[in-house]
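If you read the protein sequences in the order shown, they are chains P and R. Just so you know, my numbering puts 64 at position 64 of the first sequence, and the rest follows in order with no gaps. Quick note, my numbering runs 114 ahead of the 1-based positions in the second sequence.
Keep in mind that the hints are not guaranteed to be accurate.
As the list claims (entries may be wrong) - A few chain P residues facing chain R, derived, Cβ under 8 Å:
{"no.": "1", "residue": "34"}
{"no.": "2", "residue": "40"}
{"no.": "3", "residue": "42"}
{"no.": "4", "residue": "44"}
{"no.": "5", "residue": "46"}
{"no.": "6", "residue": "49"}
{"no.": "7", "residue": "89"}
{"no.": "8", "residue": "98"}
{"no.": "9", "residue": "99"}
{"no.": "10", "residue": "101"}
{"no.": "11", "residue": "104"}
{"no.": "12", "residue": "105"}
{"no.": "13", "residue": "106"}
{"no.": "14", "residue": "107"}
To be clear, the hints were calculated from the coordinates, so they are not data collected in a lab. Every residue gets a Cβ at the ideal spot worked out from N, C-alpha and C, and that includes glycine.
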Amino acid sequence: GDSVTQMEGPVTLSEEAFLTINCTYTATGYPSLFWYVQYPGEGLQLLLKATKADDKGSNKGFEATYRKETTSFHLEKGSVQVSDSAVYFCALSDFTGGGNKLTFGTGTQLKVEL
Amino acid sequence: DAGVTQSPTHLIKTRGQQVTLRCSPKSGHDTVSWYQQALGQGPQFIFQYYEEEERQRGNFPDRFSGHQFPNYSSELNVNALLLGDSALYLCASSSRQGAEQYFGPGTRLTVT
Numbered sequence: 001g002d003s004v005t006q007m008e009g010p011v012t013l014s015e016e017a018f019l020t021i022n023c024t025y026t027a028t029g030y031p032s033l034f035w036y037v038q039y040p041g042e043g044l045q046l047l048l049k050a051t052k053a054d055d056k057g058s059n060k061g062f063e064a065t066y067r068k069e070t071t072s073f074h075l076e077k078g079s080v081q082v083s084d085s086a087v088y089f090c091a092l093s094d095f096t097g098g099g100n101k102l103t104f105g106t107g108t109q110l111k112v113e114l
Numbered sequence: 115d116a117g118v119t120q121s122p123t124h125l126i127k128t129r130g131q132q133v134t135l136r137c138s139p140k141s142g143h144d145t146v147s148w149y150q151q152a153l154g155q156g157p158q159f160i161f162q163y164y165e166e167e168e169r170q171r172g173n174f175p176d177r178f179s180g181h182q183f184p185n186y187s188s189e190l191n192v193n194a195l196l197l198g199d200s201a202l203y204l205c206a207s208s209s210r211q212g213a214e215q216y217f218g219p220g221t222r223l224t225v226t
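Looking at chain R on its own, in the form it has when it is part of the complex:
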């Protein structure tokens, strides 16, 4: 049973560029959430997708956007990258009726 997978593992971008991160949920899960984890901090909720729509959003600017596909996989897009966007980006999946979320290994984004 495959768990949550994310790609790429690491990414280096320049300020002002755009980036796309990808996530495939755990088998049987239909809800995908994205979190940003700065070094030494707890994860911060970005947004959650269910039925291909954004259902809930945290305190992140519109530069952060996402998408969910019919197979439940998801993308996180960040435009106009800032140095402060450097972080570990975590994807988590869950079933709509379940409370617990299962996390992928994350994508380490470095903005220079």
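Here chain P stands alone, though its shape is the one from the complex:
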């Protein structure tokens, strides 16, 4: 079945540091890939997406490239801010089984300090 593996956290960075959160996936079909962010006490917000190989999703300075050859979708940001502190989830969706259910990784907590 489908699965998503993320690097374990917490990841602690200083403000303006470079961020990478690794994500790899296993899927039987041709999935769409997503990054969601969850702030404390809140639901999930869609951060960015990519629907086919070599697509780059980007939003709010974050970006991730769909790499089919390495089955990866790593999240990057050039300069993090304290306000980026949250839990980040990598997820995939494919349309096998009649629906578009999301399969999530376990999440990576990011802490950004001044």
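Dock chain R against the given chain P, drawing on the hints supplied.
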């Protein structure tokens, strides 16, 4: 444009009781999915509804059931609650043709 809404925000129930959670999808969306998120974990897919029918189901027992109404809103019902059912329950909506899902704020269920 209203996003996905869920009610109630918090709920405390006793083991063995039954609970109903509610969700209204984002305007223009016709598909509703439910997820369970245990503390410190990623969300786990429960089931998805489209055209008032369950279209896809995750690995959850029959104690978990749902319904979708003609206005696309949805309910999640859990019978015979167990302590392990304590979690954040998330509703997500999407259009049938779209891949991305948009989440509500969730209902925090505590079973004592």
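Evaluated hints:
For residue 34(P), the suggested interface contact is upheld, since its CB lies about 7 Å from the closest CB of chain R, less than 8 Å. At its closest, the beta carbon of residue 40(P) sits 12 Å from a beta carbon of chain R; the interface hint therefore is violated under the 8 Å criterion. At its closest, the beta carbon of residue 42(P) sits 6 Å from a beta carbon of chain R; the interface hint therefore holds under the 8 Å criterion. A cut of 8 Å between beta carbons decides the hint on residue 44(P): the least distance to chain R is about 4 Å, and the hint holds.
The beta carbon of residue 46(P) comes within 6 Å of a beta carbon in chain R, closer than 8 Å, and the hint placing it at the interface holds. Restraint check, residue 49(P) versus chain R: the minimum CB separation of about 6 Å is within 8 Å; hint holds. Look at residue 89(P): its Cβ gets to within about 6 Å of chain R, closer than 8 Å, so that hint holds up. A distance limit of 8 Å between C-beta atoms decides the matter here; for residue 98(P) the minimum to chain R is near 5 Å, and the interface restraint holds.
About 3 Å separates the beta-carbon of residue 99(P) from the nearest beta-carbon of chain R, less than 8 Å, and the hint is met. Interface hint status for residue 101(P): upheld, as the beta-carbon distance to the closest one in chain R is roughly 4 Å, under 8 Å. Interface hint at residue 104(P): satisfied, since its Cβ lies 3 Å from the closest Cβ of chain R, which is below the 8 Å cut-off. Annotation: residue 105(P) was flagged as interfacial toward chain R, and the flag holds, the nearest CB pair being 6 Å apart, inside 8 Å.
Residue-level restraint check for residue 106(P) holds (minimum Cβ-Cβ distance to chain R is 5 Å; threshold 8 Å). About 5 Å separates the beta-carbon of residue 107(P) from the nearest beta-carbon of chain R, less than 8 Å, and the hint is met.
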